[in-house]
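Enquirer: As a plain string of letters, each chain reads:
2 protein chains.
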Amino acid sequence: MTDMHNNTDWLDGIKWDADGLIPAIAQDAANGRVLMVAWMNRQALQLTAAEGRAVYWSRSRSKLWRKGEESGHIQIVHELRLDCDNDVILMQVKQLGGIACHTGRESCFYQVFKDGAWHATDPVIKHPDQIYDQQHK
Amino acid sequence: MTDMHNNTDWLDGIKWDADGLIPAIAQDAANGRVLMVAWMNRQALQLTAAEGRAVYWSRSRSKLWRKGEESGHIQIVHELRLDCDNDVILMQVKQLGGIACHTGRESCFYQVFKDGAWHATDPVIKHPDQIYDQQHK
Numbered sequence: 000m001t002d003m004h005n006n007t008d009w010l011d012g013i014k015w016d017a018d019g020l021i022p023a024i025a026q027d028a029a030n031g032r033v034l035m036v037a038w039m040n041r042q043a044l045q046l047t048a049a050e051g052r053a054v055y056w057s058r059s060r061s062k063l064w065r066k067g068e069e070s071g072h073i074q075i076v077h078e079l080r081l082d083c084d085n086d087v088i089l090m091q092v093k094q095l096g097g098i099a100c101h102t103g104r105e106s107c108f109y110q111v112f113k114d115g116a117w118h119a120t121d122p123v124i125k126h127p128d129q130i131y132d133q134q135h136k
Numbered sequence: 000m001t002d003m004h005n006n007t008d009w010l011d012g013i014k015w016d017a018d019g020l021i022p023a024i025a026q027d028a029a030n031g032r033v034l035m036v037a038w039m040n041r042q043a044l045q046l047t048a049a050e051g052r053a054v055y056w057s058r059s060r061s062k063l064w065r066k067g068e069e070s071g072h073i074q075i076v077h078e079l080r081l082d083c084d085n086d087v088i089l090m091q092v093k094q095l096g097g098i099a100c101h102t103g104r105e106s107c108f109y110q111v112f113k114d115g116a117w118h119a120t121d122p123v124i125k126h127p128d129q130i131y132d133q134q135h136k
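Quick mapping for you: the protein sequence lines, in order, are chains X and A. Numbering that gives the first Met the number 0 applies: residue 0 is where the first sequence begins, and numbers increase by one. Numbering that gives the first Met the number 0 applies: residue 0 is where the second sequence begins, and numbers increase by one.
Everything labelled a hint here was simulated from the structure, so no lab data went into it. Any given hint might turn out to be false.
Each pair may be met inside one copy or between any two copies, as identical chains are not told apart.
Listed next, the in silico EDC-like pairs over lysine to aspartate or glutamate satisfying Cα-Cα at most 16 Å (straight line) [unchecked claim]:
#1 Lys14 x Asp84
#2 Lys113 x Glu50
#3 Lys125 x Glu69
#4 Lys113 x Glu78
#5 Lys113 x Asp8
#6 Lys14 x Asp86
#7 Lys125 x Asp114
#8 Lys93 x Glu50
#9 Lys125 x Glu105
#10 Lys93 x Glu105
#11 Lys113 x Glu69
#12 Lys93 x Glu78
Sequences and hints are given; from them, build the entire structure.
Expert: Here it is as structure tokens:
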């Protein structure tokens, strides 16, 4: 049995950017919808693989961000992929609650380009006030 | 009729990074597969919308890159979306030739994480030597 937990070759192979980060795409494993893109540092990616749930690095808060820790909208990771340049991660996830976006929408990509402008098109499934604890706003 | 071509509000609304770039995801409109991620500057995004084909900014070559200009593997853009933070683009594309990756694979995301390592899993549809003019290699 190989000692997976001490093997960090798979992390060393990542082409981290100047800030030590890599962008990670979360794609809904059930319907193929691209839900969001966020960033991971080495520890976040390691924890994502170890825990089987998406863990990001919040650039605005400069801390690890276990997706769903406040909202409950956890992303269970079914598959992790890496691109040919080793600088983008793609995850197949099960999106708990069916909401990935902090605006209460299924996907963060809800603005569609049409007639020279961006239009918010997708419905808000749940109002953010009902998702997040008011104390934390 | 609005003057779409002189209206740049939709470009001004983008949150460009420190290098004036935004990452753009190309997703196959037919099968939902995430094909690749590359970068666009303001001109590349403007041209993508104007020409209806993916135009990226090559960071390694520091020049505009009309995807498929050498390979023929052009990406016809069906839809452009922007995420909630205005800092990632998602495109629904028709991938000509069925190959997005310079390795000759359908998608750039062909490395799957398993047992503590990345494994190249997807088949090479066409060898790069048959895709690219040898003079340009």
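Enquirer: Take the hints in turn and mark each one as holding or not.
Expert: Do the hints match the structure? See the list:
In this assembly of identical chains, the alpha carbons of Lys14 and Asp84 lie at most 16 Å apart only when taken from the same copy (8 Å versus 24 Å across copies). Only between protomers do Lys113 and Glu50 lie at most 16 Å apart by alpha-carbon distance; the minimum there is 14 Å, versus 40 Å within a single protomer. Only within a single protomer do Lys125 and Glu69 lie at most 16 Å apart by alpha-carbon distance; the minimum there is 14 Å, versus 46 Å between protomers. Taking CA atoms no more than 16 Å apart as the test, Lys113 paired with Glu78 passes between copies only; the shortest distance there is 9 Å, against 33 Å inside one copy.
Proximity of Lys113 and Asp8 under a CA criterion of 16 Å is satisfied inter-copy only: 13 Å between copies versus 45 Å inside one chain copy. When the C-alpha separation of Lys14 and Asp86 is checked against a cutoff of 16 Å, the pair qualifies only within one copy, where the shortest distance is 5 Å, while the shortest distance between copies is 21 Å. In this homomeric assembly, Lys125 and Asp114 never come within 16 Å of each other (Cα to Cα): the closest approach is 28 Å inside a single copy and 38 Å across copies. In this assembly of identical chains, Lys93 and Glu50 lie within 16 Å of each other by CA distance solely inside one copy; the values are 14 Å within and 35 Å between copies.
Taking identical chains as interchangeable, the C-alpha atoms of Lys125 and Glu105 lie at most 16 Å apart only when both belong to the same chain, with a minimum of 9 Å there against 36 Å between chains. In the homo-oligomer, the alpha carbons of Lys93 and Glu105 lie at most 16 Å apart inside one protomer (12 Å), although the nearest pairing across protomers, at 24 Å, exceeds that limit. Proximity of Lys113 and Glu69 under a CA criterion of 16 Å is satisfied in neither setting, with 34 Å inside one chain copy and 30 Å between copies. Proximity of Lys93 and Glu78 under a CA criterion of 16 Å is satisfied intra-copy only: 10 Å inside one chain copy versus 25 Å between copies.
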